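What follows is each chain in one-letter form.
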Amino acid sequence: MITTKTYKGLLIVFSFLLLASCKTYLAPTYNQVIVDKATEATTETYLFLATVAGGSDNDTYFSRESTYNTLISKFETLNLLAKARPIPSNKTTQRINNLLAERNSPSSSSDYPSAFAFNRIVENLVKMKETDQTSGLNPIVVEAFKGEIEIFLDQAITYESFLKR
Amino acid sequence: MNTKTANLIDSIKNVASTILEKDIALVTGFSERQIEAISKQTLIIKAGIATGEIEDDLITFFLDGLKHMVTNFINTLKGILKVVLEKVWNGIITVLYEAIGIFPV
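As you go down the protein sequences, you meet chains R and A in turn.
Start counting the first sequence at 40; every next residue gets the next number (our numbering).
Start counting the second sequence at 2; every next residue gets the next number (our numbering).
These are computed hints drawn from the structure, not numbers from a lab.
Given the structure is predicted, the values throughout are model-derived calculations rather than measurements.
Yeah, the Cβ is synthetic: ideal placement off N, Cα and C, and Gly gets one too.
Watch out, some of these pointers could steer you wrong.
[As the list claims (entries may be wrong)] Distance ranges between label pairs, derived from CB positions:
id, chain 1, residue 1, chain 2, residue 2, range
1, A, T29, R, G175, 39 to 45 Å
2, A, I36, R, T78, 22 to 28 Å
3, R, L86, A, A7, 56 to 62 Å
4, R, Q71, A, K41, 30 to 36 Å
5, A, G30, R, P178, 26 to 32 Å
6, R, G175, A, L44, 20 to 26 Å
[Claimed, not checked] Quick list of in silico lysine to any residue cross-link-like pairs, SDA-like style, CA-CA up to 25 Å:
id, chain 1, residue 1, chain 2, residue 2
7, A, K79, R, T68
8, A, K68, A, E56
9, R, K76, R, D193
10, R, K203, A, L82
11, R, K203, R, S128
12, R, K203, A, K23
13, A, K41, R, I196
14, R, K76, R, A92
15, A, K41, R, G175
16, R, K203, A, F62
17, A, K23, A, S12
18, R, K168, A, G53
19, A, K5, A, K68
20, R, K168, A, K23
21, A, K79, R, L202
22, R, K166, A, T43
23, R, K168, R, N108
24, A, K79, A, E56
25, R, K122, R, E83
26, R, K203, A, I93
27, R, K166, A, I93
28, R, K168, R, L88
29, R, K76, A, L78
30, R, K168, A, T52
31, A, K68, A, V28
32, A, K23, R, Y69
33, R, K62, A, T19
34, A, K79, R, V74
35, R, K203, A, S12
36, R, K203, A, N91
37, R, K122, A, K68
38, R, K166, R, K203
39, A, K47, A, F62
40, R, K62, R, I126
Produce the entire structure from the sequences given, and follow the hints as far as they go.
The structure is reproduced here in structure tokens:
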């Protein structure tokens with residue numbers, strides 16, 4: 040038998056469910072194109088880094104210039120694609136951001152960690168290109184560029200893959 | 002507590018723990034990879050500066066890089082955390098709706 044107390048309980052549950060949106064979104068939507076393009080650009084970057092792993096002479100820079108330009112344009116495109124998606128904005132995300140801000144968590148570009156990573160990869164390739172052109176690259180400098188690019192690739196691909204829910 | 006309430010509580014616990022267990026494992030793997038890679042990167046830069054092979058503006062560039070990679074590592078974790086919260090929230094809402102007989106879209 041349904042009592043008044045049960046009715047009140049049901050009313051509270053219904054009110055909660057009606058007030059709460061059916062499904063909530065706190066992060067951008069998954070985009071398979073970004074993951075595919077990032078995988079392709081990653082393979083090409085590793086291939087290029089392998090060819091200069093032993094260092095390079097600036098006399099032969101022009102043979103590598105078009106590869107630099109291709110890679111830079113690919114990661115710039117990825118940066119644009121990653122930032123082109125709208126970020127869901129609601130009270131929940133604002134509360135999370137406020138909470139993290141109170142804990143002194145970094146806030147710059149926090150809504151687009153993959154876009155930030157793609158942009159930093161572009162900066163690395165541009166700097167590597169400039170250095171290659173002016174003085175050539177020694178092996179440890181190539182290793183340092185590769186290390187930084189790898190870290191940002193991992194951040195971008197992990198985040199983008201995680202958006203597939 | 003009656004059986005129906007206990008079953009509903011179990012369903013909520015199950016959906017939350019299933020999502021959390023899987024995602025926490027992925028987050029742990031990512032964090033370990035990042036910490037190891039950032040440590041290696043720091044030592045590469047240290048070695049390059051010590052031998053003079055990394056010099057001038059490259060020193061500034063790579064030191065800025067270390068700062069950026071740590072900042073964005075934290076921001077990536079924040080982004081992933083939002084996805085996990087979203088999945089747990091939607092999972093629980095689905096269980097509650099189904100208990101009432103409504104199927105969320």
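Results of checking the hints against the structure:
1. A/T29 - R/G175: 39 to 45 Å: For R/G175 against A/T29, whose Cβ atoms are near 41 Å apart, the range 39 to 45 Å holds.
2. A/I36 - R/T78: 22 to 28 Å: Between A/I36 and R/T78, where Cβ atoms are some 24 Å apart, the hint holds.
3. R/L86 - A/A7: 56 to 62 Å: holds, 58 Å
4. R/Q71 - A/K41: 30 to 36 Å: holds, 31 Å
5. A/G30 - R/P178: 26 to 32 Å: holds, 30 Å
6. R/G175 - A/L44: 20 to 26 Å: Because 23 Å falls inside the window, the suggested range holds.
7. A/K79 - R/T68: holds, 16 Å
8. A/K68 - A/E56: Holds. A/K68 to A/E56 sits at ~18 Å (cutoff 25 Å).
9. R/K76 - R/D193: holds, 14 Å
10. R/K203 - A/L82: Holds - the C-alpha atoms of A/L82 and R/K203 are around 14 Å apart, at most 25 Å.
11. R/K203 - R/S128: Given that 25 Å is the threshold and the Cα spacing comes to 19 Å, the pair holds.
12. R/K203 - A/K23: With a Cα-Cα distance of about 14 Å, the restraint between R/K203 and A/K23 holds, given a limit of 25 Å.
13. A/K41 - R/I196: It holds: about 20 Å lies between the C-alpha atoms, which stays within 25 Å.
14. R/K76 - R/A92: holds, 24 Å
15. A/K41 - R/G175: Distance ~23 Å between A/K41 and R/G175 Cα, so the pair holds.
16. R/K203 - A/F62: violated, 34 Å
17. A/K23 - A/S12: With a Cα-Cα distance of about 17 Å, the restraint between A/K23 and A/S12 holds, given a limit of 25 Å.
18. R/K168 - A/G53: This hinted pair holds, its Cα atoms lying about 20 Å apart.
19. A/K5 - A/K68: violated, 53 Å
20. R/K168 - A/K23: Violated, because 41 Å separates the two Cα atoms, which is more than 25 Å.
21. A/K79 - R/L202: The given pair, whose Cα atoms are some 13 Å apart, holds under the 25 Å limit.
22. R/K166 - A/T43: Distance of about 18 Å is within 25 Å: holds.
23. R/K168 - R/N108: Holds, because 9 Å separates the two Cα atoms, which is no more than 25 Å.
24. A/K79 - A/E56: Violated, because 34 Å separates the two Cα atoms, which is more than 25 Å.
25. R/K122 - R/E83: holds, 22 Å
26. R/K203 - A/I93: It holds: about 19 Å lies between the C-alpha atoms, which stays within 25 Å.
27. R/K166 - A/I93: It is violated: about 48 Å lies between the C-alpha atoms, which goes past 25 Å.
28. R/K168 - R/L88: Holds: R/K168 and R/L88 sit about 12 Å apart, inside 25 Å.
29. R/K76 - A/L78: holds, 22 Å
30. R/K168 - A/T52: Judged against 25 Å, a Cα distance of about 22 Å means the pair holds.
31. A/K68 - A/V28: holds, 21 Å
32. A/K23 - R/Y69: Satisfied, since the Cα-Cα distance of roughly 19 Å is no more than 25 Å.
33. R/K62 - A/T19: Roughly 19 Å separates the two Cα atoms, so the pair holds.
34. A/K79 - R/V74: The given pair, whose Cα atoms are some 20 Å apart, holds under the 25 Å limit.
35. R/K203 - A/S12: Holds. R/K203 to A/S12 sits at ~23 Å (cutoff 25 Å).
36. R/K203 - A/N91: holds, 14 Å
37. R/K122 - A/K68: Given pair R/K122, A/K68 holds - Cα atoms ~22 Å apart, limit 25 Å.
38. R/K166 - R/K203: It is violated: about 33 Å lies between the C-alpha atoms, which goes past 25 Å.
39. A/K47 - A/F62: holds, 13 Å
40. R/K62 - R/I126: holds, 15 Å
Violated hints for the displayed structure, listed by number in ascending order: 16, 19, 20, 24, 27, 38.
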